[in-house]
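**Student:** Okay, here's what each chain looks like letter by letter:
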Amino acid sequence: MKCHYCSNPATVHLTDLVKKQKKELHLCQACAEQQQLIQHNELNLTTIVQTLLGQHVGHLPDELARLTCPQCGIKFMEFRAEGRLGCPHDYEVFKGELQKLLERIHRAGRHVGKVPRRRPVEPAEVAELVALRKQLRESVEAEAYEQAARLRDRIRQKESHG
Amino acid sequence: MNLENLTHTSGEWLRGIGPESDIVISSRIRLARNLAAFPFTNRATGHQKSEIEALLRERIAKLELDPRLDYINLVTLSPLDRQFLVERQLISRELAGSEGPRGVALGPRETVSLMVNEEDHLRLQVMRSGFALDEAWQDIDKVDDLLEQRVSYAFSEEFGYLTACPTNVGTGMRASVMLHLPALVLAKQIEKVFRALQKINLAVRGLYGEGSRASGDFYQISNQVTLGKSETTILNEIREVIPQIINYERQARTTLLKESKQSLHDRISRAFGTLRSATMMTSEETMDLLSSVRLGINLGLLPEEQISMPTVNELFIQTQPAHLQKLMGASLDGEERNAARARFLRSKLRENGSHPN
Chain A
1 MKCHYCSNPA
11 TVHLTDLVKK
21 QKKELHLCQA
31 CAEQQQLIQH
41 NELNLTTIVQ
51 TLLGQHVGHL
61 PDELARLTCP
71 QCGIKFMEFR
81 AEGRLGCPHD
91 YEVFKGELQK
101 LLERIHRAGR
111 HVGKVPRRRP
121 VEPAEVAELV
131 ALRKQLRESV
141 EAEAYEQAAR
151 LRDRIRQKES
161 HG
Chain B
1001 MNLENLTHTS
1011 GEWLRGIGPE
1021 SDIVISSRIR
1031 LARNLAAFPF
1041 TNRATGHQKS
1051 EIEALLRERI
1061 AKLELDPRLD
1071 YINLVTLSPL
1081 DRQFLVERQL
1091 ISRELAGSEG
1101 PRGVALGPRE
1111 TVSLMVNEED
1121 HLRLQVMRSG
1131 FALDEAWQDI
1141 DKVDDLLEQR
1151 VSYAFSEEFG
1161 YLTACPTNVG
1171 TGMRASVMLH
1181 LPALVLAKQI
1191 EKVFRALQKI
1201 NLAVRGLYGE
1211 GSRASGDFYQ
1221 ISNQVTLGKS
1231 ETTILNEIRE
1241 VIPQIINYER
1251 QARTTLLKES
1261 KQSLHDRISR
1271 AFGTLRSATM
1281 MTSEETMDLL
1291 SSVRLGINLG
1301 LLPEEQISMP
1311 TVNELFIQTQ
1321 PAHLQKLMGA
1331 SLDGEERNAA
1341 RARFLRSKLR
1351 ENGSHPN
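Chains as they are written, first to last, in my numbering: chain A, 1 to 162; chain B, 1001 to 1357.
In isolation and in its complexed conformation, chain A is listed as follows (with noise of 0.2 angstroms):
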């Protein structure tokens, strides 16, 4: 048997009870080491989130497996094997997985405290700010100075007013 985390032979072999249903956790003993599933029994948030992830999911449907946000690149599969998100565009494009398992971290789904003064940037701006940044990149790659120079102009007085 194969570890959950890498393709190292699973040593380390963990069962827990969720609604009734055993989940099982197959993993080598340096991944389980790293993820501190053994040896520590304090609350670690990364595992919990990887541990409920994996429980909730469960075997990924190829729609959700294939799932990838066009700002950052990330695949679900990805954030469900690092517990890490790519961007916040993610938490619209991973909305529904994301609503079941904020549901289950924090037995809450919506906000509720602080609201920033100044308006949130509209996504459709943020998608253009990120598309200007990938141009200002590429021209600068390309030595295309007088282009990026343009763009960056662009950028900072969509910043200032966003």
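Keep in mind that the hints are not guaranteed to be accurate.
[Claimed, not checked] Cross-link-like lysine to aspartate or glutamate pairs, in silico, EDC-like; alpha carbons within 16 angstroms at most: (1) 1062(B) with 1148(B); (2) 100(A) with 1158(B); (3) 95(A) with 1148(B); (4) 134(A) with 1051(B); (5) 75(A) with 103(A); (6) 95(A) with 1158(B).
[What the hints assert, rightly or not] Simulated restraints on C-beta separations: (7) 62(A) with 1065(B): 49 to 57 angstroms; (8) 1054(B) with 62(A): 40 to 48 angstroms; (9) 1282(B) with 127(A): 50 to 58 angstroms; (10) 1239(B) with 141(A): 49 to 57 angstroms; (11) 1195(B) with 123(A): 21 to 29 angstroms; (12) 144(A) with 1054(B): 18 to 26 angstroms; (13) 1067(B) with 109(A): 37 to 45 angstroms; (14) 109(A) with 1330(B): 50 to 58 angstroms; (15) 143(A) with 1076(B): 23 to 31 angstroms; (16) 62(A) with 1067(B): 51 to 59 angstroms; (17) 1080(B) with 78(A): 28 to 36 angstroms; (18) 1198(B) with 108(A): 14 to 22 angstroms; (19) 1266(B) with 117(A): 53 to 61 angstroms; (20) 1061(B) with 115(A): 57 to 65 angstroms.
The hints are simulated quantities; they were obtained by calculation from the structure and are not laboratory data. Glycine included, every Cβ here is placed at the ideal spot set by N, Cα and C.
Starting from the structure of chain A, add chain B where the hints point.
**Tutor:** For chain B alone, coordinates are given in the frame of chain A:
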């Protein structure tokens, strides 16, 4: 900022002042924030991380804060100095150990630190000596408000402040109170307290955060939930539970004094004796012995003429590996370090004994 000047002081978190400071060491609040138009740090390229750092660094420099913050580039800082900042609780172990462009802006009193390119683009932290969550919240809320005028945070109405890890989303706030609980440990009641705290969704961690051991009987109590509760509610929940833990610790101290004063006194005197005369001392043993000495002073079992509380608080931090090496002005391996630590303790405790302060 000259780090060398910091080595001789205990920093904010061990200043030993503030409400309930015999048990409550410090209060700390951290806010996770991200820029709207960039990938999170772990997904950003080297180039993007440089852009994020340059942008935040510039905006932080413009903050109308008095006194102003100093920005430290962590890439050019030596590993020893990075470890030094971790020991002072000014940066996280993750930020010290990660790679790529990153830095920290620090206030001169070491109460404010803004970490750039941590797991989130920005981690704001405010620390206060003693039980002072309200003051810490007022400070951090103000810094956050000032930054928000200059930076477009990633925020959604539904999920709040968007973070790299879904465990931080919402308020992005982690509030924690560090407690010194030697009597509950001695009375073997600490596990009971932890279980009760976990039931109400509060986390307990050791001295240096997640995964670290509770050396010196220091424990950090913090909130787990960041979504669906306002900052005020989260702070209230922690604020309500801390006096109960303080009470348990005081009761445990009273019981120890009543039922086993002799052996407690013996334990404390031996700890003090060992610190004053050993020739090899690990960091962990030092923490444990200093913890007993700290308890001894609080219970009046060690007279203040022999050792003062500020000295003990300073020793907790100065005997940490990076602090010790900076004070000695040399990089030392394990064995040399243990000998140097024992030498340092002997000189500090002798000098303190002959010149009471």
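**Student:** Would you say the C-beta atoms of residue 1239(B) and residue 141(A) sit inside 49 to 57 angstroms of each other?
**Tutor:** Once the Cβ atoms are compared, 53 angstroms apart, the range 49 to 57 angstroms for residue 141(A) and residue 1239(B) holds.
**Student:** Do the alpha carbons of residue 1062(B) and residue 1148(B) lie within 16 angstroms of each other, as the hint requires?
**Tutor:** holds (12 angstroms)
**Student:** Has the hinted range 18 to 26 angstroms been met by the Cβ atoms of residue 144(A) and residue 1054(B)?
**Tutor:** For residue 144(A) and residue 1054(B) the Cβ distance comes to about 21 angstroms; the hint holds.
**Student:** Is it true that the C-beta distance of residue 62(A) to residue 1065(B) lies inside 49 to 57 angstroms, as the hint says?
**Tutor:** Taking Cβ atoms as reference, residue 62(A) and residue 1065(B) lie about 52 angstroms apart, which means the hint holds.
**Student:** Assuming the hint says 50 to 58 angstroms, is it satisfied by the Cβ distance from residue 109(A) to residue 1330(B) or not?
**Tutor:** holds (55 angstroms)
**Student:** Taking the beta carbons of residue 1266(B) and residue 117(A), is their distance inside 53 to 61 angstroms?
**Tutor:** Holds: the Cβ-Cβ distance is about 59 angstroms, inside 53 to 61 angstroms.
**Student:** Within a Cα-Cα threshold of 16 angstroms, do residue 95(A) and residue 1158(B) meet the stated pairing?
**Tutor:** holds (11 angstroms)
**Student:** Measure nothing beyond the straight line between the CA atoms of residue 134(A) and residue 1051(B); if it is 16 angstroms or shorter, mark the hint as holding.
**Tutor:** Within the cut-off at roughly 12 angstroms; holds.
**Student:** Is the hinted pair residue 100(A) and residue 1158(B) satisfied, with a Cα-Cα distance of at most 16 angstroms?
**Tutor:** OK: residue 100(A) and residue 1158(B) at ~14 angstroms, within 16 angstroms.
**Student:** Do residue 1067(B) and residue 109(A) keep their Cβ atoms within the hinted range of 37 to 45 angstroms?
**Tutor:** The hinted range 37 to 45 angstroms holds for residue 1067(B) and residue 109(A), with Cβ atoms some 41 angstroms apart.
**Student:** Quick one: are residue 1054(B) and residue 62(A) within 40 to 48 angstroms, going by C-beta?
**Tutor:** holds (41 angstroms)
**Student:** Just to be sure I understand the hint, the distance between the Cβ atoms of residue 1080(B) and residue 78(A) should be within 28 to 36 angstroms; is that true here?
**Tutor:** At 35 angstroms between Cβs, range holds.
The structure shown violates the earlier hints numbered 3, 5, 11 and 20.
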